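K.L.:
Chain by chain, the residues:
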Amino acid sequence: MTEVLFALFIFMLAAFLGFELISKVPPTLHTPLMSGSNAISGITLIGSLIAAGSEENPLAIILATLAVALAMINVVGGFLVTDRMLKMFRRK
Amino acid sequence: MTEVLFALFIFMLAAFLGFELISKVPPTLHTPLMSGSNAISGITLIGSLIAAGSEENPLAIILATLAVALAMINVVGGFLVTDRMLKMFRRK
Amino acid sequence: MRESLIQVAYLVASALFIIAIKLLNSPRTARLGNGLGALGMVLGAVATLFHQAIGRYEWIVLGVAAGGALGTWMALRVQMTAMPQMVALLNGFGGGASALVGLGEALQKLPHGDPPPAWLLTVGLSILIGTATLSGSLIAAGKLHEVLTGRPIVLPGHHYQTAFWLIVNVGLMLWAIIAPTPLPLWLLTASSLLLGVWMVLPVGGADMPVIVAFLNSLSGLAAAATGFVLQNYLLIIAGTLVGASGFILTTIMSKAMNRSLWSVLFEAVGGQVSAASAEGRTVRQTSAEDLALMLSYAQSVVIVPGYGMAVSQAQHAVKKLLDALQKKGVDVRFAIHPVAGRMPGHMNVLLAEADVPYDLMWEMERINPDFPQVDVALVIGANDVVNPAAKTDRSSPLYGMPILEVEKARTVVVLKRSMNPGFAGVENELFYKPNTYMLFGDAKKSLEAITQALTES
Amino acid sequence: MRESLIQVAYLVASALFIIAIKLLNSPRTARLGNGLGALGMVLGAVATLFHQAIGRYEWIVLGVAAGGALGTWMALRVQMTAMPQMVALLNGFGGGASALVGLGEALQKLPHGDPPPAWLLTVGLSILIGTATLSGSLIAAGKLHEVLTGRPIVLPGHHYQTAFWLIVNVGLMLWAIIAPTPLPLWLLTASSLLLGVWMVLPVGGADMPVIVAFLNSLSGLAAAATGFVLQNYLLIIAGTLVGASGFILTTIMSKAMNRSLWSVLFEAVGGQVSAASAEGRTVRQTSAEDLALMLSYAQSVVIVPGYGMAVSQAQHAVKKLLDALQKKGVDVRFAIHPVAGRMPGHMNVLLAEADVPYDLMWEMERINPDFPQVDVALVIGANDVVNPAAKTDRSSPLYGMPILEVEKARTVVVLKRSMNPGFAGVENELFYKPNTYMLFGDAKKSLEAITQALTES
Ligand SMILES: NC(=O)c1ccc[n+]([C@@H]2O[C@H](COP(=O)([O-])OP(=O)(O)OC[C@H]3O[C@@H](n4cnc5c(N)ncnc54)[C@H](OP(=O)(O)O)[C@@H]3O)[C@@H](O)[C@H]2O)c1
Ligand SMILES: NC(=O)c1ccc[n+]([C@@H]2O[C@H](COP(=O)([O-])OP(=O)(O)OC[C@H]3O[C@@H](n4cnc5c(N)ncnc54)[C@H](OP(=O)(O)O)[C@@H]3O)[C@@H](O)[C@H]2O)c1
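Chains as they are written, first to last, in the numbering used here: chain A, 1 to 92; chain B, 93 to 184; chain C, 185 to 641; chain D, 642 to 1098.
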């Protein structure tokens, strides 16, 4: 219970911080923001890595490996495509 | 050790959040910001309350009671004086 | 000690993510920011590999290789115009992964003792949000890619069915908390899949971007919920940042479209391609040659791109026209409406792809006061974002949406294929104004013709 | 359960503090923000009273009553002009309380087993920062209240001594970590007291505000360190927010004064009241009556208040002049330099006290371009902030500091008592310019005379 509570402090701080940070992003960058932040949400990868490396039961292993693969698509695809977009932004 | 580490996550988030929030405060309000934030730093009051209510040894009790008093001056004085100042700010 | 070092790596990774998002607030630093985000991800992942629970690496290698290859392939071959569906897909995969991790962790822990209810609640949320994000995103991507119809798909009693599935999900979560066994969790996974589908099916094509941003927010929250399950602060921080980001984008878009998230989700709009009512009224047409002449004598030209530019992939043709006009000494700017195209910042990305400098792209509030001094406003495949009904016609679904006030320019030229309406499905009075000329045809072809006429003259 | 409820209260209190600081970003919401901050504090304190470790309440009641009464008394009777020393004192008390809590917790825990080194480090930091904040703040308040001299007090080999005490402190912290006994902690307390004194003594009066902001930051960090000691997230969050706030204010002020924090701390400046060198050069003087006439014919008047307005408590007289001028239809604005007075926002608070609306107070960057159109710039007890040497004279200690460009106004009138310099101790060429008139005398008296002449005419 208190563990969840401590985690709620983190959640609250990150939420306030997220609002402050994102509200400063100009519309020009909203698409890269979307794909870039989306890549960050692939952080769930680290949870799936532990699962894929530690589960015993075959079904659990399959689920975990699938999770690793999905998260990797999200991460790699997200960062790469964002970079592709941002590379194109240039000043006069 | 890991307890301190978990607390460092909180520290890091609060530091980033503090910078984002404070950098939006206009110069007009810098004095109230200073006295108001100063009142907030009197939060150490809650640590002193526990100490004053639980210590056994006389020296420790005296120290803790002193801490309560100092923190209360900071808190009460800070919020009141800030309110006095802010009450005066008005539009045309 | 090892655990401490891993936590330190997570701490640094969290800070990198925060800095990454901070740097995304300017085009000059955004690429660095994205790189730092990727660095944070690598740091977090590599540190995790040293976790003592990890006993073997074969499945990890398999998953990483498969996912990494697929992700790279997708990222490198996707067209810039297909960005909305790409983001939708990625959101879905992220959400799915979060749900799988949450489910897996619960299946593993349940046999060993009674977990606390608060923890089970976070497991339920992780599965619910993650799975609904997965299925909802797949539907959204299908609609955006036109594999599914862009029209709202509304089944009989649709909203009651959605509400039903929501209630079922809440019930299953309660069941899992009261009697922690795998069964309710599996059922929850299945019914959350349905909930995601039901939620997105009735949303029309025009509202899709709002849904994509909303799913973006959900995919972040799913990661955060999984972070609660694993007591992993890095997951909570990163997930929550993304949750906030998606939420803000959703709000900005809803506002710019003059809708609420509620109405987007539950009041199907858009896609109803109500063939234009020509009603015998006539519009003035122009030709590429006449237009080229007009442009070459203009001092100030503002180009207003819209969804049509994306459809016809005309961004490179636009850039060529820009070059030709600049060579003739014409001052050319771009006016970007916040919801032009099909996702926020869509036009900016396309124009950036074609090498248009970003300081030529003006935001709506900044350029609107200038229109009366503009000689030619060149509208390329935009429709709703320049529809004056938004300001004047209380009965229009667009009423109240802020628009680009092109009608104030000395001359307006609209490039589109027909008199068909835009995605809101409403008529546009702009086309009938005395200072408006239409140039019908595919935007890319029209633009090429104009540029050719310009350079030949 | 009880522990959980207390943590929930702390969570809400943290959120209230964050919202409080967020609301401080506009004068309209600032008061509400301060109130929410106070609410958060009450919530945190009341929840703490239910902590199971608390066995008796008599000492708590004593401390709360004594501190509460003293705090109320101080807050209600302090003059607005004495705000800098008030804030300094409060900072000191906060820091002292944090140190006492850290020390007390350590003394209580040490006999029961070996605490981990990381924890002992946080104890040491809490004592070091808190105690140095206390003693430093007392010195700063003494200087600001002119109980101590405002001049830099530099003992022989001062900086070596400061460095020495810093090294001693680090050594004592290491000792406490290696051999956790009360002795090194007590010694650390004592030597940190000295460090704070040594640090602030050599800082001159003009630099004092920077020091107050710096001590503000330290008092926050002390609370955060104590939070690490107690593993209390509310303390860490609130303390860190304050630490960031003080740090940003320090940076802003240093920049506005064109100094670095390092030079403020270690390169004594200011207070050297080098009697002005009249050198036979003459200035034009004016009288209250002439000035009243000049003002009544002006269209646009800008009032530039400085430290002298605070010294002579002239803010209410300024307001009366404002009213009289506005009655005559003169457009009056205030130009506020970021470091006018003795603390950031000092002038704003004083003028607000006298009921001057805050939308008349213009920031430097905003008003500087307007000075060429200003008929009369009325400088009231300001000096350094209008010294053109900051722009032209590379040898001046003010060189590079942005100033209010009053010399560009059609006429400048300066109200001060003598030709004495301001706190940077440098001559001001402005006073000798052909369009500058001096009106010598106490600012309040001069203003009253002007207003009287205005209303009688
Ligand atoms: N960007 C976002 O984030 C976002 C979010 C939510 C909703 N929306 C909605 O999307 C709409 C965006 O407005 P918009 O003005 O950009 O687009 P629009 O109103 O959808 O109009 C696009 C126009 O482009 C024309 N077009 C299509 N293909 C073309 C081609 N190959 N060549 C030339 N013209 C072509 C179409 O007319 P023809 O068929 O006659 O050619 C159509 O009228 C708004 O209703 C907005 O609310 C956008
Ligand atoms: N505000 C901050 O946060 C801050 C922070 C750090 C440093 N400082 C420093 O403080 C200085 C502030 O500049 P400033 O222009 O406001 O003040 P200043 O340069 O200190 O000048 C104040 C002037 O007021 C005059 N004065 C004093 N008492 C007076 C009275 N009773 N009636 C009329 N005039 C009186 C003095 O001249 P007479 O003696 O001839 O009357 C003096 O020249 C700068 O050097 C700044 O760097 C401020």
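Hints are computed from structural coordinates only; laboratory data are not their basis.
A quick note: this is a predicted structure, and the numbers were derived from the prediction, not measured.
Errors might be hidden in some of the hints.
DSSO-like mimics (lysine-lysine), calculated; alpha carbons at most 30 Å apart, straight line [said to hold, decoys possible]:
1. B:K179 - D:K961
2. D:K968 - B:K179
3. C:K629 - A:K24
K.L.:
If you check each hint against the structure, which ones fail?
P.N.:
3
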